[in-house]
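Student: Sequence:
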Amino acid sequence: MHTQGGRWGGRRDCQSELFQEDLYPDTLSDEPALSAEDWVAGKEAEPILISLRGGYAPSAQKSDLKVNKRSNVLDKMPPKGGSRSTSNIAAASSGDGCVNTALSDKIIHEFQEEIRKLKAVIVKHETRIRALEARATAPKSVVEDEGRAGDGLGDAHPPSSQRHETEHVNNTSHTSPEVASSKQLAPDEV
Numbered sequence: 001m002h003t004q005g006g007r008w009g010g011r012r013d014c015q016s017e018l019f020q021e022d023l024y025p026d027t028l029s030d031e032p033a034l035s036a037e038d039w040v041a042g043k044e045a046e047p048i049l050i051s052l053r054g055g056y057a058p059s060a061q062k063s064d065l066k067v068n069k070r071s072n073v074l075d076k077m078p079p080k081g082g083s084r085s086t087s088n089i090a091a092a093s094s095g096d097g098c099v100n101t102a103l104s105d106k107i108i109h110e111f112q113e114e115i116r117k118l119k120a121v122i123v124k125h126e127t128r129i130r131a132l133e134a135r136a137t138a139p140k141s142v143v144e145d146e147g148r149a150g151d152g153l154g155d156a157h158p159p160s161s162q163r164h165e166t167e168h169v170n171n172t173s174h175t176s177p178e179v180a181s182s183k184q185l186a187p188d189e190v
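Numbered according to full-length UniProt numbering, the sequence shown spans residues 1 to 190.
Hints were generated in silico from the structure; no laboratory data involved.
Heads up, none of these hints are tricks.
Below, in silico cross-link-like pairs of lysine to aspartate or glutamate (DMTMM-like), each with a Cα-Cα straight-line distance of 20 Å or less:
1) K117 - D105
2) K124 - E113
3) K43 - E31
4) K124 - E114
Label pairs and their computed distance ranges (CB to CB):
5) L34 - L103: 40 to 48 Å
6) P25 - E110: 55 to 63 Å
7) N72 - E37: 15 to 23 Å
8) I107 - S35: 41 to 49 Å
9) S29 - E110: 53 to 61 Å
10) L34 - E114: 44 to 52 Å
11) E110 - E44: 43 to 51 Å
12) L132 - V40: 58 to 66 Å
13) I107 - S29: 49 to 57 Å
14) E37 - I107: 41 to 49 Å
15) P47 - I122: 49 to 57 Å
16) N100 - T27: 50 to 58 Å
17) W39 - N72: 22 to 30 Å
All C-beta atoms, glycine included, are put in the ideal place defined by N, C-alpha and C.
All chains should be built: construct the whole structure from the sequences, respecting the hints.
Tutor: Structure representation (structure tokens):
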């Protein structure tokens, strides 16, 4: 091999003609191993592999997409029973309608109940967030003084000025009975 420009650098005039199969193993071909019909029928086949020894050359046989249009079986079937089948369909649909409306009313009621419960949870969380935000914005000295009060609760109680704010928020936010009962539950209860 002849190089110009020094021992390690420069342009190479000729390339190595060795093909290293371990670096370039056989790879997948661009030709399918099965047609779509064969695959849908459940047939299996290994993929077609090609060697890159001579370089990549796309296959010359590119087949055009073939579409076999099949006629619709339902178009060929004559209606059975004529008007009699139409009356049966109407009767069946009216009978199913009662069942469907009762079922849909039940589902609607369940969804409304779930929405009501979720709204109650949201209200509890909003109240808790407001109380925690009020506690976080309180001066540190007030929180530390309450922690030293000796009641064993540490800073579990918000400062007295914040208690008024929290009570005011609790009293003015919502007046619904389910919200009032939900305030007595723990934050993770529903």
